[in-house]
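Converting from the sequence shown to the numbering used here requires adding 16 to each position, the first position being numbered 1.
Since the hints were made in silico from the structure, they are not lab data. Quick caveat: nothing in here was measured; it's all calculated off a predicted structure. Please note: incorrect hints may appear among the correct ones.
[Stated by the list, open to error] Listed next, the in silico BS3-like pairs over lysine-lysine satisfying Cα-Cα at most 30 Å (straight line):
| no. | residue 1 | residue 2 |
| --- | --- | --- |
| 1 | 148 | 130 |
| 2 | 317 | 302 |
| 3 | 85 | 130 |
| 4 | 285 | 317 |
| 5 | 85 | 317 |
[What the hints assert, rightly or not] Computed beta-carbon distance windows for the label pairs:
| no. | residue 1 | residue 2 | range |
| --- | --- | --- | --- |
| 6 | 91 | 425 | 24 to 30 Å |
| 7 | 289 | 253 | 21 to 27 Å |
| 8 | 409 | 121 | 21 to 27 Å |
| 9 | 253 | 230 | 45 to 51 Å |
| 10 | 342 | 394 | 54 to 60 Å |
| 11 | 323 | 17 | 54 to 60 Å |
| 12 | 93 | 431 | 41 to 47 Å |
| 13 | 306 | 17 | 31 to 37 Å |
| 14 | 394 | 418 | 26 to 32 Å |
| 15 | 91 | 151 | 28 to 34 Å |
| 16 | 223 | 422 | 24 to 30 Å |
| 17 | 252 | 431 | 19 to 25 Å |
| 18 | 342 | 422 | 20 to 26 Å |
| 19 | 118 | 418 | 43 to 49 Å |
Glycine residues also receive a C-beta, built at the ideal position from the N, C-alpha and C atoms.
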Amino acid sequence: MRIVQLTPGTGNFHCGSCLRDNVLVSALRRMGHDVMMVPLYLPHVVDTEALPDDTPIFFGGISVYLEQKLAMFRHTPRWFDRLLARPTLLNWAANRSGMTSARDLGELTVSMLKGEHGKQNKELTHLIDWLKTQGPVDVVCLSNAMLLGMARRLGRELNTKVVCTLAGEDAFLDTLIEPYQSQAWSLLRERVDDAAALIAVSRYYADQMRQRLKLADDDDRLRVVYNGIELDGYTPAEAPPADPTIGYLARLHPGKGMHTLVEAFIEMKRRGRVSNLKLRLAGAKKPEDDAFVNEQREALKTAGVIEHASIEPNLTESQKLDFYRSISTFSVPATYGEAFGLYVLEALAAGVPVVQPRHGAFTELLEQLGGGILCEADSPTALADALEITLLRHDESRQSAATARQHVLKEFNVDRMAAGVADVFEQVTVEAA
Numbered sequence: 017m018r019i020v021q022l023t024p025g026t027g028n029f030h031c032g033s034c035l036r037d038n039v040l041v042s043a044l045r046r047m048g049h050d051v052m053m054v055p056l057y058l059p060h061v062v063d064t065e066a067l068p069d070d071t072p073i074f075f076g077g078i079s080v081y082l083e084q085k086l087a088m089f090r091h092t093p094r095w096f097d098r099l100l101a102r103p104t105l106l107n108w109a110a111n112r113s114g115m116t117s118a119r120d121l122g123e124l125t126v127s128m129l130k131g132e133h134g135k136q137n138k139e140l141t142h143l144i145d146w147l148k149t150q151g152p153v154d155v156v157c158l159s160n161a162m163l164l165g166m167a168r169r170l171g172r173e174l175n176t177k178v179v180c181t182l183a184g185e186d187a188f189l190d191t192l193i194e195p196y197q198s199q200a201w202s203l204l205r206e207r208v209d210d211a212a213a214l215i216a217v218s219r220y221y222a223d224q225m226r227q228r229l230k231l232a233d234d235d236d237r238l239r240v241v242y243n244g245i246e247l248d249g250y251t252p253a254e255a256p257p258a259d260p261t262i263g264y265l266a267r268l269h270p271g272k273g274m275h276t277l278v279e280a281f282i283e284m285k286r287r288g289r290v291s292n293l294k295l296r297l298a299g300a301k302k303p304e305d306d307a308f309v310n311e312q313r314e315a316l317k318t319a320g321v322i323e324h325a326s327i328e329p330n331l332t333e334s335q336k337l338d339f340y341r342s343i344s345t346f347s348v349p350a351t352y353g354e355a356f357g358l359y360v361l362e363a364l365a366a367g368v369p370v371v372q373p374r375h376g377a378f379t380e381l382l383e384q385l386g387g388g389i390l391c392e393a394d395s396p397t398a399l400a401d402a403l404e405i406t407l408l409r410h411d412e413s414r415q416s417a418a419t420a421r422q423h424v425l426k427e428f429n430v431d432r433m434a435a436g437v438a439d440v441f442e443q444v445t446v447e448a449a
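Generate the whole structure from the sequences, applying the supplied hints.
Below, the structure written as structure tokens:
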């Protein structure tokens, strides 16, 4: 099959969706499919890039914003738009993304979901015109439902099927201010009809989005294909760290519950049941996260435990692998229902036991895999209790994680994910024949 994967970039930090889509594209190519990956908005930040250096960036973040604000930019020539889509300029813009107001973000989201009726229709025309020069396409895959505004024109003008991944859109949409939140959900419910299939990354999220998008119970376009990870390098440490160490590796942001873990760590240090306890906090950090990160650092300092903790932003892939080998247990106590949580797979693949809140896809994953404990969400005390159990029963916890690791290797590898996604693609193309 000839496949086009459309994936937004972040410009300045590692993103789970970018990572997932890059390894998916590579795996589909190994299966013999002709896959073209096209970045949107901003450059991708990944250590193993699946797209060639000469692939243009479409819907450049600067152009999209200017077209939203000023009508004149909706009619500028293509050469001018290319200047605005230069990676160096887009990376500069990415560092200022936190300056966008809540109103601007809401208006832009709604406009993008309007597709051909939105203020960025010129960008969609540029993308379609370029794709036409690349030859026939069997399937266009959208990285998330926020791109569904493109689906109608893509399907019609490229004579192709459009498939959309569902992966955590609710967490973003539910933070929009009104009236944009309601408008965006309404547009999504309309635009979902333009997709030939929808791929949810967990059963939990399939059920969630079936309800939120008001899909009929018998709408069989909605499928579930679990995420998988590239397993190279995920080898357990030969021996546990000298000091028991709790690890966190996700965006350094309130939504991921970093503050809950900081409070739990402070409580555990106060109790003193786990000797020489350490905390490593790592992950992507955007400029708008600085104030929150500084608050957590100050909390650790005020509690007198800052010397036992570290905050390490924006790790490389090799640093990430070393990180997992350096910790005793792992937790990202997200405050919302995660659609999946790739970091759970990564920790278990490295043989590290996990402690996660009892909501979202975490319950589903740990019921299948084992290797961890579920606790009450948003409760530093409950999290501290669960982490203590994991660390004090370290031999039992490590054995459970080792068993879970075998399940990850077999059932949640990238090749298995790619086979599931390819099966969905083949079904929609056969149905169209």
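Structure-based check of each hint:
1. 148 to 130: With Cα atoms ~22 Å apart, residue 148 and residue 130 stay inside 30 Å; holds.
2. 317 to 302: holds (22 Å)
3. 85 to 130: At roughly 16 Å apart (the allowed maximum being 30 Å), residue 130 and residue 85 satisfy the hint.
4. 285 to 317: holds (13 Å)
5. 85 to 317: violated (43 Å)
6. 91 to 425: 24 to 30 Å: violated (53 Å)
7. 289 to 253: 21 to 27 Å: Since the Cβ atoms of residue 289 and residue 253 sit about 23 Å apart, the hinted range of 21 to 27 Å holds.
8. 409 to 121: 21 to 27 Å: With Cβ atoms ~45 Å apart, the hint is violated.
9. 253 to 230: 45 to 51 Å: Taking Cβ atoms as reference, residue 253 and residue 230 lie about 47 Å apart, which means the hint holds.
10. 342 to 394: 54 to 60 Å: violated (27 Å)
11. 323 to 17: 54 to 60 Å: holds (55 Å)
12. 93 to 431: 41 to 47 Å: Given about 44 Å between the Cβ atoms, the range holds.
13. 306 to 17: 31 to 37 Å: violated (44 Å)
14. 394 to 418: 26 to 32 Å: The hinted range 26 to 32 Å holds for residue 394 and residue 418, with Cβ atoms some 30 Å apart.
15. 91 to 151: 28 to 34 Å: Given a distance of about 29 Å, which is inside 28 to 34 Å, the answer is holds.
16. 223 to 422: 24 to 30 Å: holds (28 Å)
17. 252 to 431: 19 to 25 Å: Given about 21 Å between the Cβ atoms, the range holds.
18. 342 to 422: 20 to 26 Å: Given a distance of about 22 Å, which is inside 20 to 26 Å, the answer is holds.
19. 118 to 418: 43 to 49 Å: At roughly 46 Å between Cβ atoms, residue 418 and residue 118 fall inside 43 to 49 Å, so the hint holds.
In this structure, the hints that do not hold are numbers 5, 6, 8, 10, 13, in rising order.
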